[in-house]
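Use these hints to put chain B onto chain A, whose structure you have.
Here is what each chain is made of, one letter per residue.
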Amino acid sequence: MKVRDLSTSLKGKKSGWVAINKKNQVVVTASSFSAINKKIEHIKEEVVLVPAAKDYSGYIS
Amino acid sequence: MATTTKIYPYVSPQPSVLIPWIPVSLGSKKTHKVIKHSVMALVDSGADCCLISEDIVAFLGEMIVDDSKKQKKQLRAADGQLFSAYKVTLTLYACGHNYECPFYVTNTLPQNAPLILGQQGFFSQHIIQFDLRKREILITPY
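Here the protein sequences line up with chains A and B, keeping their order.
Just so it is clear: in the first sequence, position 57 is 807 by my numbering, and no numbers are missing.
Just so it is clear: in the second sequence, position 26 is 40 by my numbering, and no numbers are missing.
Here chain B stands alone, though its shape is the one from the complex:
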């Protein structure tokens, strides 16, 4: 299958700060709800998995209220703090294709990173090159 490399610019949300944010969309097979416009997601090679904030998941109708039904995982933030998150599977529309991607839901994400694309689920599906000098991120689906 032919694969196409997508090139995204780094984003500067404030002077002297460059963030590898890319526009993506999300949907739910369960609720058939889709985010109509793109959302900036952080491409984060240091994250073991993909993470998403509760308010985005609530919008998609994928919140799990019953604690016994949650597939929980303990995760550790960069400051060493442990936090709990649970797994949902969402359709990720990114880099010109879409697929079912596992996300861990938590309300402990930093305000500036409510959607994080990490190793399992995103890096496992793409070849990613950060070229800070050229101010671009090259992403090729496998």
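If we strip away everything but chain A, and leave its shape as in the complex, we get:
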């Protein structure tokens, strides 16, 4: 299966949340979860909310 590549969309986004559409384009960004939900309240296209971070590598649970 093809990886969902969000690396270009998330580049330079260091914190907060990003709403990304099916074409992997950034629709809106916001600093908090509540703020992004307010911004996408009336958006009709399907988006997914992604946490923005400086670095996604090296995660160990």
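Bear in mind the hints are in silico, worked out from the structure with no lab data behind them.
Just so you know, these numbers come straight off a predicted model, no measurement behind them.
Just so it is clear, CB atoms sit at the ideal spot from N, CA and C, and this is done for glycine as well.
Some hints here could point you the wrong way.
Capping the alpha-carbon separation at 30 Å, the derived lysine-lysine pairs in DSSO-like fashion look like this [said to hold, decoys possible]:
1. A/Lys763 - B/Lys50
2. A/Lys788 - B/Lys148
3. B/Lys50 - B/Lys86
4. B/Lys84 - A/Lys794
5. B/Lys43 - A/Lys788
6. B/Lys101 - B/Lys148
7. B/Lys50 - B/Lys20
8. B/Lys47 - A/Lys788
9. B/Lys43 - B/Lys83
10. B/Lys101 - A/Lys804
11. B/Lys50 - A/Lys752
Among the chain A residues that face chain B by a calculated CB cut under 8 Å, a handful are [said to hold, decoys possible]:
12. Met751
13. Lys752
14. Val753
15. Ser757
16. Gly762
17. Ala769
18. Val778
19. Ser782
20. Phe783
21. Asn787
22. Ile790
23. Leu799
24. Ser807
25. Ile810
26. Ser811
Showing chain B alone in chain A's frame:
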């Protein structure tokens, strides 16, 4: 009951990094608030339970302010650090079905993983196969 396997691609948030993130939604039976769009959640077999950050829980109106009403649990991060979290029950919309799932609320989650689907609550409800070579995650509800 017929069960359907959902197949999700691994997500690459930065070059050379692959994360088993799947889109889910959440709701609260108490406040009737639902997250309208999906949120990326980390499928984490190493987590004992499901974890969620305070800001998502606050959005759903499920924050417990009164300390005496919190069902607290001490958890240990991979670096050995102990942290405290409290339990809330949320409706989890994932993999084509929904159910009431216990989550532990904390403000100590890493920035890149504010929503973690762990053993109790998620793996207990699904058969999960990570196929990194094929770059896919197969999830079948029990």
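Satisfaction of the A/Val753 interface hint, Cβ to chain B closer than 8 Å: 5 Å, holds
Hinted contact A/Asn787 with chain B - closest CB pair below 8 Å: Constraint on A/Asn787 satisfied, holds at 6 Å.
30 Å limit on alpha-carbon distance, applied to hinted pair B/Lys84 and A/Lys794: Answer violated: B/Lys84 to A/Lys794 is near 37 Å, above 30 Å.
Supplied contact hint for A/Val778, tested at 8 Å Cβ to chain B: 11 Å, violated
30 Å Cα cutoff - pair B/Lys43, A/Lys788: 20 Å, holds
Distance restraint between B/Lys47 and A/Lys788, which requires alpha-carbon spacing of 30 Å or less: 13 Å, holds
Status of the hint placing A/Ser757 at chain B (closest C-beta pair under 8 Å): A/Ser757 check passes; min Cβ-Cβ to chain B is 5 Å, inside 8 Å.
30 Å Cα cutoff - pair B/Lys101, A/Lys804: Measuring from Cα to Cα gives roughly 29 Å; hence the hint holds.
Pair hint B/Lys50 and A/Lys752, alpha-carbon separation not exceeding 30 Å: Status holds; Cα separation ~26 Å.
Restraint check, 8 Å cut-off on beta carbons, for A/Ser811 near chain B: 4 Å, holds
Given pair status - B/Lys86, B/Lys50, alpha carbons within 30 Å: 29 Å, holds
Minimum beta-carbon distance criterion (8 Å), A/Gly762 to chain B: For A/Gly762, the interface hint is violated, since the closest Cβ of chain B sits about 11 Å away, which is over 8 Å.
The structure fails hints 2, 4, 6, 16, 18 (numbered hints given earlier, in ascending order).
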